[in-house]
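**Q** As they're listed, the protein sequences go chains A and B.
Plus 926 on top of the position in the first sequence (first one is 1) and you've got our numbering.
Plus 841 on top of the position in the second sequence (first one is 1) and you've got our numbering.
Read the hints as simulated data drawn from the structure, not as lab findings.
For every residue, glycine included, the Cβ atom is placed at its ideal position computed from N, Cα and C.
It is possible that part of the hints are untrue.
Take a look, some chain B residues computed to stay more than 12 Å from chain A by CB distance [as the list claims (entries may be wrong)]: (1) Ser853; (2) Ile859; (3) Gln879; (4) Glu886; (5) Thr903; (6) Ser914; (7) Asp924; (8) Thr943; (9) Gly945; (10) Thr951.
Quick list of the computed label-pair ranges, beta carbon to beta carbon [as the list claims (entries may be wrong)]: (11) B:Lys883 / A:Lys988: 47 to 57 Å; (12) A:Val1041 / B:Asn896: 27 to 37 Å; (13) A:Lys970 / B:Ser910: 42 to 52 Å; (14) A:Ile1002 / B:Ser881: 25 to 35 Å; (15) A:Gly929 / B:Thr951: 42 to 52 Å; (16) A:Gly942 / B:Gly900: 43 to 53 Å; (17) B:Ile949 / A:Arg935: 20 to 30 Å.
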Amino acid sequence: NAGVMQNPRHLVRRRGQEARLRCSPMKGHSHVYWYRQLPEEGLKFMVYLQKENIIDESGMPKERFSAEFPKEGPSILRIQQVVRGDSAAYFCASSLRNGEGTEAFFGQGTRLTVV
Amino acid sequence: QKEVEQDPGPLSVPEGAIVSLNCTYSNSAFQYFMWYRQYSRKGPELLMYTYSSGNKEDGRFTAQVDKSSKYISLFIRDSQPSDSATYLCATNGGGTSYGKLTFGQGTILTVHP
Chain A
927 NAGVMQNPRH
937 LVRRRGQEAR
947 LRCSPMKGHS
957 HVYWYRQLPE
967 EGLKFMVYLQ
977 KENIIDESGM
987 PKERFSAEFP
997 KEGPSILRIQ
1007 QVVRGDSAAY
1017 FCASSLRNGE
1027 GTEAFFGQGT
1037 RLTVV
Chain B
842 QKEVEQDPGP
852 LSVPEGAIVS
862 LNCTYSNSAF
872 QYFMWYRQYS
882 RKGPELLMYT
892 YSSGNKEDGR
902 FTAQVDKSSK
912 YISLFIRDSQ
922 PSDSATYLCA
932 TNGGGTSYGK
942 LTFGQGTILT
952 VHP
C-alpha cells in the first residue's frame, strides 16, 4: 500500500526555467494539498485540490504558480520563471475525505533548487 | 503574531527521559490538533490527532489539548535515540478545508544515548 508519491525528489532549475512537481496521492484519496517549507521556516499551506477542481488556493503566490489535479494522473504544481526565492522543499499531502477526523498524509517532498 | 507558536529548541535530552513539547495557538476557530514527526530530509509523519480537550495516549506518546488556554502538548515517555527528529504541531479550523493545516515552526529534538 504505497503512500503519497512525489517526484522528482530533487529538482535543479536555472532562473527563468519552469519547474513541474508531481504528486500521486495514496490509493483511494481524492483530496490533495500542497505545502512549501522554506529554509528555517515551517510548512506553509499553498493549495487544496480535488479531482479537476481547485478548492482553496489562498496560500498560492498570485503569479507564476499554478496547480492542477486532473481526472487521470497525478497532481501537478507548476512554477513558471523560477527565481532563487522559490528554492524550498515542496510537500504534497492527501486525505481520504474532507470532514471531521480528516487525516492528511504527506509525501517525501520535492526539493527544488534554483541556481 | 503567528497563529501557531512553537519553541524551535533545539532540545537535547538523554535516552529514557520524558520529553515535553508545546505549542500555543491564537485562533479560537481551530478545532483539530495534530503532531507530526519529521526526520531530516523526509516528509512529515502523522503521530497524533486530537479534537477535544484532554489527553490522548498512543504507546509512548501522549497528546494533551487545553482549549481554554489554547495550549497543546506532546509528551514522549522513555525517549529513544530514534525519536530524534523535528516535531511539528499543526491545527486546522475545519470549515471547507479540513486538510488545510497551520503548522508551528517545529521543535528539533535530539535524544542522545
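**Q** Give a verdict on every hint.
**A** Now the hints, each set against the structure:
For Ser853 (chain B), the shortest C-beta to C-beta distance to chain A comes to about 19 Å, beyond the 12 Å cut-off, and the non-interface label holds. For Ile859 (chain B), the non-interface assignment is confirmed: its Cβ lies about 25 Å from the closest Cβ of chain A, beyond the 12 Å cut-off. With a minimum CB-CB distance of about 9 Å to chain A, Gln879 (chain B) fails to clear the 12 Å threshold, and the non-interface call is violated. Against the 12 Å criterion, Glu886 (chain B) falls within the reach of chain A, whose nearest CB is about 7 Å from its own CB.
No Cβ of chain A approaches the Cβ of Thr903 (chain B) within 12 Å, the least distance being about 18 Å, so the stated non-interface status holds. The Cβ of Ser914 (chain B) lies farther than 12 Å from every Cβ of chain A, with a closest approach of about 18 Å, so its non-interface assignment holds. Annotated as non-interface, Asp924 (chain B) keeps its C-beta farther than 12 Å from every C-beta of chain A; the closest such distance is 19 Å. The beta carbon of Thr943 (chain B) sits about 7 Å from the closest Cβ of chain A, which is not more than 12 Å, so the claim that it is off the interface is violated.
Non-interface status of Gly945 (chain B) relative to chain A is broken: a Cβ of that chain comes within 12 Å, the nearest being about 6 Å off. Distance check on Thr951 (chain B): its Cβ is at least 18 Å (rounded) from any Cβ of chain A, clearing the 12 Å threshold; non-interface status holds. About 31 Å separates the C-beta atoms of Lys883 (chain B) and Lys988 (chain A), a value inconsistent with the hinted range of 47 to 57 Å. Against the hinted window of 27 to 37 Å, the Cβ-Cβ separation of Val1041 (chain A) and Asn896 (chain B) comes to about 48 Å, which falls outside the hint.
Judged by the Cβ atoms, the range 42 to 52 Å given for Lys970 (chain A) and Ser910 (chain B) is violated: they are separated by roughly 26 Å. In this structure, Ile1002 (chain A) and Ser881 (chain B) meet the distance hint of 25 to 35 Å, their C-beta atoms being roughly 27 Å apart. Range check, Gly929 (chain A) to Thr951 (chain B): about 26 Å between beta-carbon atoms, so the 42 to 52 Å window is missed. Look at Gly942 (chain A) against Gly900 (chain B): about 49 Å separates their beta carbons, and that is inside 43 to 53 Å.
With their beta carbons about 22 Å apart, Ile949 (chain B) and Arg935 (chain A) fall inside the hinted range of 20 to 30 Å.
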